[in-house]
Each structure stands twice: as structure tokens, then as C-alpha cells.
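Which chain is which? The protein sequence lines are A and B, in order. All letters in the first sequence, in the order written, are residues 1 to 349 by full-length UniProt numbering. All letters in the second sequence, in the order written, are residues 1 to 349 by full-length UniProt numbering.
A few of these clues could be false.
[Claimed, not checked] On the chain A side, residues computed to face chain B include the following (Cβ under 8 Å):
id : residue
1  : Cys17
2  : Arg25
3  : Gly73
4  : Arg125
5  : Glu133
6  : Glu230
7  : Val240
8  : Gly244
9  : Gly248
[Stated by the list, open to error] Over 10 Å on every C-beta distance to chain B, these chain A residues come out as not near it, computed from the model:
id : residue
10 : Glu19
11 : Ala27
12 : Asp29
13 : Glu44
14 : Arg87
15 : Thr149
16 : Glu259
17 : Arg287
18 : Arg314
I should point out that these hints are in silico values taken from the structure, not numbers from a laboratory. Cβ coordinates follow ideal geometry from the N, Cα and C atoms, glycine included.
2 protein chains.
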Amino acid sequence: MLEATPQDFGRVLSSMCTEPCPPARAAADRFLATNPGDPGTYPEIARLEERAVDLLGEITELADPAGYVATGGTEANIQAVRIARNRADTDDPVVVAPESAHFSFHKAAAMLDVEIRTTPLVDYRADPDAIAEAIDSDTALVVAVAGSTEFGRVDPVPALAELAHDAGALCHVDAAWGGFHLPFTDHDWSFSDAPIDTMTIDPHKAGQAPIPAGGLLARDESLLEVLEVETPYLESSTQVTLTGTRSGAGVAGALAAMETLWPDGYRDNHERAMANATWLADELRERGYEVVDPELPLVAADVSQSIIDALRRRGWRISRTGAGDLRIVCMPHVTRSMLRSFVADLDWY
Amino acid sequence: MLEATPQDFGRVLSSMCTEPCPPARAAADRFLATNPGDPGTYPEIARLEERAVDLLGEITELADPAGYVATGGTEANIQAVRIARNRADTDDPVVVAPESAHFSFHKAAAMLDVEIRTTPLVDYRADPDAIAEAIDSDTALVVAVAGSTEFGRVDPVPALAELAHDAGALCHVDAAWGGFHLPFTDHDWSFSDAPIDTMTIDPHKAGQAPIPAGGLLARDESLLEVLEVETPYLESSTQVTLTGTRSGAGVAGALAAMETLWPDGYRDNHERAMANATWLADELRERGYEVVDPELPLVAADVSQSIIDALRRRGWRISRTGAGDLRIVCMPHVTRSMLRSFVADLDWY
């Protein structure tokens, strides 16, 4: 029917999504015609979603997790801001976030009519002193980033959570991409590492699940209850999600990916990706580029715009940081041989 | 992997979703690992989305349509309210909507911090006099429903659009479910029937596309531009969608469904569904129930809660209107023999 062909991932170095693992693809296909947003009509997929949330809780060290499989990190981040806004005891709620926070927080702030106050970084991470200075009595939420979109850096989550709670605010961790790497590192980022309230962790990124499968987790069900709207015409009575009809394929795919890969498959992915990122960083440094040392498998280097454009013309799908530097995400589909071939192409310039 | 099985649709009478048509299912599967939210990295699916929007324009009689394939009607309705709010020249924007407006408008109002003012119905439709009375200088948007969720009724769209424009407000038509039936009726509802600004029309409902595939259409690109946020780290520079990463499966599935079924397949679906709805309405009336005359293929009748509960125990997936009446949606998977078997079960009580 559609004569177009999706490109393969052979030259994709810019995406935080990847090829789903085969059991996840199969599960998505089987549950394509189900809607977890209508659990009365589709109870089977609603039960699978509970299992998916339980596994997300295991990965993020949260017993009895509340939450759901969202459309992606943007929805989860919007919902975290919305929870904080709805609970805030002020007419002018403020979100305090490091400059490294994903642009979805700016989208959330614009949508939800809250102020977002961003603070400068130190070594590509949130600076607790700057966050402390930005917090005031209107602060409803402090955002901590666990695996930043630009540099893969991890904020000092326990310090930010403490600052948030001292101010009577909530603390949200955005681990949309990092969440499936961080369990295999020494970082403090999880629900057991710090008194955080909500978290974004997306199966459809490093979790190797098919799109759409983001994750919103909350320490307690009562945090989600402030989002409830009534739902006539459904066999259930309230809804806390942002969207109404939701993708059963996304839920089933996320569960199948996590049941297949947690923990050993994700550990293998992490180790291979880190080895690739370290290798690439070394190769770029040897060629005289300045490289941001990769703590998670994401490499940024000061390759010029004209070279980036030339590599794009050779078919490489690469992206840039906000400052214009080259940015390469070592996803599961990114192999050493892809990177060798990329570096060989770079050597032409 | 997942031992659970999605139920088949053999007893589902409550859903506005259905089994996707086979080419749509195949297309969704092929484009599962693509992200139209990142058109720089995934240009193929971005081009398919343009074709999908063009076809939605053809169905709704809009040349050069602006819009995109959303996660569903809720996102499209939220976005329509957001467009109106962002353009409004008031600090306290108001949405005026008939009581029949879907609950997603209440969700949108709560999220976006706008007031929603609902007006009473006449014969299950918006009453232009009541709408006119509710409009004031703060009104940013007037909502018209083309195929209400409860009763399948169609508001007087041209009259509401005129009222909106006289007040300097936008007019949004929610044809999420009705949009794939209305081209085969005499109703005035489309972009050529009235000067409406935006519309919700969901391929994953009566369009027989797989979830997630809602549709947001706008008469002009400039309406969407008020939603733009900047997108560092992507190869494109701005984003108007609510979510970030989006489902390529949803986009490809929607396009394949529409290329397969528009117009003849949808006409056949409509005629079969209307015949089924009329048959069911007659059968229920013969048994003494009060039935809301079906104008689109949706039947509501005053069957008691205890009978509804008993039918549910027999495995029927049925839902209720806000007032508690039985509500049956004649989707493409709903056959005459299913309805005969449903009525036979009803005769036990």
C-alpha cells in the first residue's frame, strides 16, 4: 500500500529511540487494537500496564509504584509539572530547573501557565547553590535531570530533592533516556537514593520498547489524584492521563521489552554502549576535537557546522547540542562498525 | 512472552475504536520504529504525515490543510483550546461549549487554566440561543460537536461558527468520531460548510486506523504557529505538537487506512453501521425502551442499570451515557449477528 520504506538505523546517530527488541515488536503487534485508556472495555491491556508499572518501579527502586505508560517523556514531564502546579499553595507557581532541562519543561510551563526559572550549570550539571538561590515561596517543583539530553550528565539528585522539600516543593527526576542506563552506574538518582516524588523514564528510549512508551512514576497514588477528571461514557469513572485513548501496542511493547531485558539485557546494552561512547570520544580527541567526557553513552564534541553538514549529506543522521556541537547518542542499534565508518567519513574533512 | 491475549471484538459494543483494516495494520508494523516528531532523523514518515493531513483535508473539504496526526481526540481538543487561549486578547479566556462536549474539553480547561462555560441542549444538540447568551468579550473559543460521544448528534455548526466569529473568537469542530461518517450525510459540518478554524477528526476511531491516530486540522498554518516551542537537539527547529516523540505506526497506519477506504470503503462502513443502528433502535423500541433516534450509528436507550450489569456479566462490553442509559456504538466490527445475539441476551431480563 504505502510505497515508502522506513530508513534502516544503519546511519542514525542522532535519535534517542532505537529498534525495538523483537519480543517487544511482537507484543506491540498483538495488542495494536487495544486501548488501555478504556480499562473497562479492554481489561487485559490494563492488567499488562500494571505489570509494566511494577517493573518500572523495580528498575527505579520504588516499591508499590504509582504511574502509567505515557506517550513519551514530554507527556510525563508535563504531567509532573501539572501535579506540582495543582498541589501548589500559590497563585504564581514556579518550576525551578537547571538549564539542561529538556525543552518539554518549557512547553509544559507555557501550556500550564507556570513560570520556569532555569539556573546555570557547573560541569554540565545542575548547581545546587544556583538552584537554592532560585527557589522561593512560589516554587512548586524542582527538576533534576538524570541523563541530560545534550551531554548525558546526571544532576546531584539527593541535594536537589532536599532543597525542594525544604521549600515545600516537589522534586521530579527526568530520567527519560538515562533511566535504563543508571541502574548499572554509581549515580544517585532513584527513588531509594533520594526522597524524589515523580520520575520520567521512557521504555521507548534506552528501554528498547516501541514508540509510544514513555513512563511516569509517582511515589504515591495521591500525587496522581490531583490530575483526575471524570469520564462519562467509559466503564471506568476517572482518568489521570493526559491523553484519552491510549496505545495498547505501547503498553504491551514496553512490558515485553522490560520482561526480556531487565536486568541482564539492559546491563549488556549499557556496557556495550559505554564502551562505544568511550571509544568514539577517544577517537575524536585524537583528532583534536574537544569532547565532553561521556558519563552515559552520549558523546558531544566541537565539530564544526560545515563538517556536520557534509556528514549529513553523506547520509549520517546526526544532531547538535544547543551550542551547535556534534551530538552522538550510542543507542543499542549503534555498533562499533557504524562508528568506525562514521569516523572514517569524518577523516575526509 | 506475554501470556495474556487481547480479547477479540466479538462482544465489544462500547468502544469508539475498532479493528484496524489490514493494510493499516501492516503499515503500522513497518513504521513502528520511526518518529515523526523528529523529521530530520526520520524524513520518510514525515512525508507520509503530510499525505495523511492532505487526505484529512480532502475528507473535511479543506484545501491546503494545516495540522498533524495527534495521539487522539483529547490531544487535538486540548490543542484547539490552547490555540484559542494563546491568541486571545484577554487575561481570562473562556471556552463556550454545549453540554454535549467531550470530557477532554474539561481536561483542557483545567490544564490550560481557562474557564469552560457549558450551555444546555435542545434535542441533544447545541442551542445557538444558549451559546449566544454564554458568549462574552472573554470568549476565545466556541466548540461545536459533530457527532456527540453520548448520542451521535450534530450541532448546527454554521450557526455556531457565525456566533464565534461575530465575537472575535475561534470555532472548533469536534468530529473525532463523526468525521468519517459525516461526508455521507446531509449535515453541515465541514470546512466548506462553515467558516470554522480547527477540527478534531480521528483516524483511529471510525477511520479504522490503529491507535494512536487522532487528527488536528487547522484552516491555516498560522493557527498552529502560536503553539511553537524551540527544539534544540533535533534536526528541526520548532515543534507545535503536544507530545515530542510520536508514533510512526500511528501516522503510517492512518495514511494506509485512508488510502484504502476513502471514499468507497468509508461509505460502505457508514451505510452498514447506520442500517445496524436503525435495526437495533427498532428492536429496542419494540421491547418498550425509549430510544434516542440515531442520526449517526450510535444508539442510546433507557435500559436499567441492573440489566446493563447483567449483560456485562455475560461478557458484553457496553457503556452508559452520563445519565446512565445504555449506549451502543456501531463500529465497523459490530455485525448484525452480534447485535442479534445481544438482543437475544437482553430478552432474558
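Going down the list of hints, with the structure as the test:
1. Cys17: Hint holds; Cys17/A Cβ to chain B Cβ min 5 Å, cut 8 Å.
2. Arg25: 6 Å, holds
3. Gly73: 7 Å, holds
4. Arg125: Cβ of Arg125/A sits 17 Å from chain B, so the hint is violated.
5. Glu133: Hint on Glu133/A: violated, closest Cβ of chain B at ~24 Å, above 8 Å.
6. Glu230: With Cβ-Cβ at 6 Å, under 8 Å, it holds.
7. Val240: Not OK, violated: Val240/A not within 8 Å of chain B, min 10 Å.
8. Gly244: Holds. Min distance 4 Å.
9. Gly248: Status holds, d = 7 Å.
10. Glu19: Its Cβ does come within 10 Å of chain B, the nearest being 5 Å, so this is violated.
11. Ala27: 5 Å, violated
12. Asp29: 6 Å, violated
13. Glu44: 5 Å, violated
14. Arg87: At about 14 Å from chain B, Arg87/A clears the 10 Å cut-off, so the statement holds.
15. Thr149: At roughly 5 Å from the nearest Cβ of chain B, Thr149/A sits no farther out than 10 Å, so the non-interface label is violated.
16. Glu259: Given a closest Cβ separation of 6 Å, the condition is violated.
17. Arg287: 23 Å, holds
18. Arg314: 15 Å, holds
In terms of the numbered hints stated before, the structure departs from hints 4, 5, 7, 10, 11, 12, 13, 15 and 16, listed from lowest to highest.
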